[in-house]
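So the chains spell out like this:
There are 2 protein chains.
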Amino acid sequence: MSRLRKKNRLDILNLAIPLFARLGYEGLSMRNLASKVGVTPAALYHHFKDKDELYVDAVSHAFEQKTADIKTVMAAEDEPMKRLEVFVGWFVRVLNKDQDFQKLLQRVMLDSDPQRMQKLTKTTFLELFSAIQNLGESFKSKYDPHLLAISIIGLVLYHFETSSVRSLLPGSRAAHDKADTIARHVTSLLENGLLTH
Amino acid sequence: MSRLRKKNRLDILNLAIPLFARLGYEGLSMRNLASKVGVTPAALYHHFKDKDELYVDAVSHAFEQKTADIKTVMAAEDEPMKRLEVFVGWFVRVLNKDQDFQKLLQRVMLDSDPQRMQKLTKTTFLELFSAIQNLGESFKSKYDPHLLAISIIGLVLYHFETSSVRSLLPGSRAAHDKADTIARHVTSLLENGLLTH
DNA sequence: TATAATTAACTGAACGTTCGTTTAGGCAGG
DNA sequence: CCTGCCTAAACGAACGTTCAGTTAATTATA
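Going line by line, the protein sequences match chains A and B.
Per my numbering, residue 1 is the first one in the first sequence, and the count goes up by one each step.
Per my numbering, residue 1001 is the first one in the second sequence, and the count goes up by one each step.
Hints are computed from structural coordinates only; laboratory data are not their basis.
Treat the hints with care, since some could be wrong.
Sample of chain B residues with no beta-carbon within 10 Å of chain A, all distances over it, derived [stated by the list, open to error]:
id : residue
1  : Ala1034
2  : Ala1043
3  : Lys1049
4  : Lys1066
5  : Glu1079
6  : Val1086
7  : Gly1089
8  : Arg1093
9  : Ser1172
Okay, the calculated bits of chain A under chain B, using three or more residues with CB under 8 Å as the criterion [to be verified]:
id : region
10 : 13 to 26
11 : 48 to 57
12 : 128 to 134
13 : 155 to 164
14 : 167 to 174
15 : 177 to 189
Cβ atoms here follow ideal geometry from the backbone N, Cα and C, with glycine treated the same way.
Using the sequences and the accompanying hints, generate a full structural model.
Here it is, written out as structure tokens:
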């Protein structure tokens, strides 16, 4: 962050996102963030009411940034399996490129404040989830659409949530961190299941 | 916690587990824990070197407590699909009964300290993971054993990781929180996939 | 066009509180 | 009398936040 230019809300948020992701809400202090931005702690309170507002805005901004394009891309395709491949491919690529975003998502799910959670769910998560649920329904399968949507998301996300532990477990190989490998595995497993006839 | 009996390590750990799960490492202070135990903060330092040791011991103890029986149960069955059903059923039931345990697992994955992570992985996670990986291999499918193990675990776990958000999303029903519903959904999806022939 | 008024962005210092941890000493049971 | 378990009190550091005042840029006025 340049010491010359004045900082605005967005500059602060873009610096706060990876820090909140790595350290968590309690783990990132206003002093630490301020020093990274290059200002005094008091300056943060000129842009945000309090730490809570800064956190919610950071998560919202990160999510909107990442999911801006996928919704229109998914709407374009109409063949169910093709749409699934497009979504899984996009999701895997996003998580693979930006580990901080994945960690932020994981932290939000652990948030102990129900009000914060409700706010973030309604304003930022709902739209994308509905699109995935709609994708699940298009398969006209026997599965409950809600549970199927969660399964699809979890199946992709969990490979990244465990990335730091996985490398210490048996059977781990370098290829498992590649986006293509994970995408192909997830797509194939979702498509065919374990009993490939 | 009785005020009469003397407290030992295990009493403290069993009180610390749900608190660490709900509040996180930074979120739970030694003073808060001490007051719940019914002792002075200094008393905790009689049983544990520092907060870090207390946390690691709490996670280890929680994990060993929960996974004590499943390993032998799984080894008894030999038909792959039956073993999968046994594992999924057990895992779903454990997570459903004890939400704190699930949250603790999730927090461990977010731990920013690599040394803590490594210690916990080798001493507590490795054995159960190997058993699941072995289960995946028994299907003699085309899938990579390591990736398949992660997929199976994630597919179950994610339904619980999202439980507090899920209820705010469309398509949510009360049945989705029942252990049987989730177990049946996951087993069936793993078995057959989306394209049920 | 020069100058005054207004505003946004920020600093330096401090507030009360809570944090992890240490130290010295007390007290009961073997 | 010793050892295990504990208390009371305090340490310095870090926490979120506030407040009075300063600087720099923008806008309005003459």
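Going down the list of hints, with the structure as the test:
no., hint, result
1, Ala1034, "19 Å, holds"
2, Ala1043, "24 Å, holds"
3, Lys1049, "22 Å, holds"
4, Lys1066, "17 Å, holds"
5, Glu1079, "13 Å, holds"
6, Val1086, "15 Å, holds"
7, Gly1089, "16 Å, holds"
8, Arg1093, "17 Å, holds"
9, Ser1172, "6 Å, violated"
10, 13 to 26, "holds (count 4)"
11, 48 to 57, "violated (count 0)"
12, 128 to 134, "holds (count 3)"
13, 155 to 164, "holds (count 7)"
14, 167 to 174, "holds (count 6)"
15, 177 to 189, "holds (count 6)"
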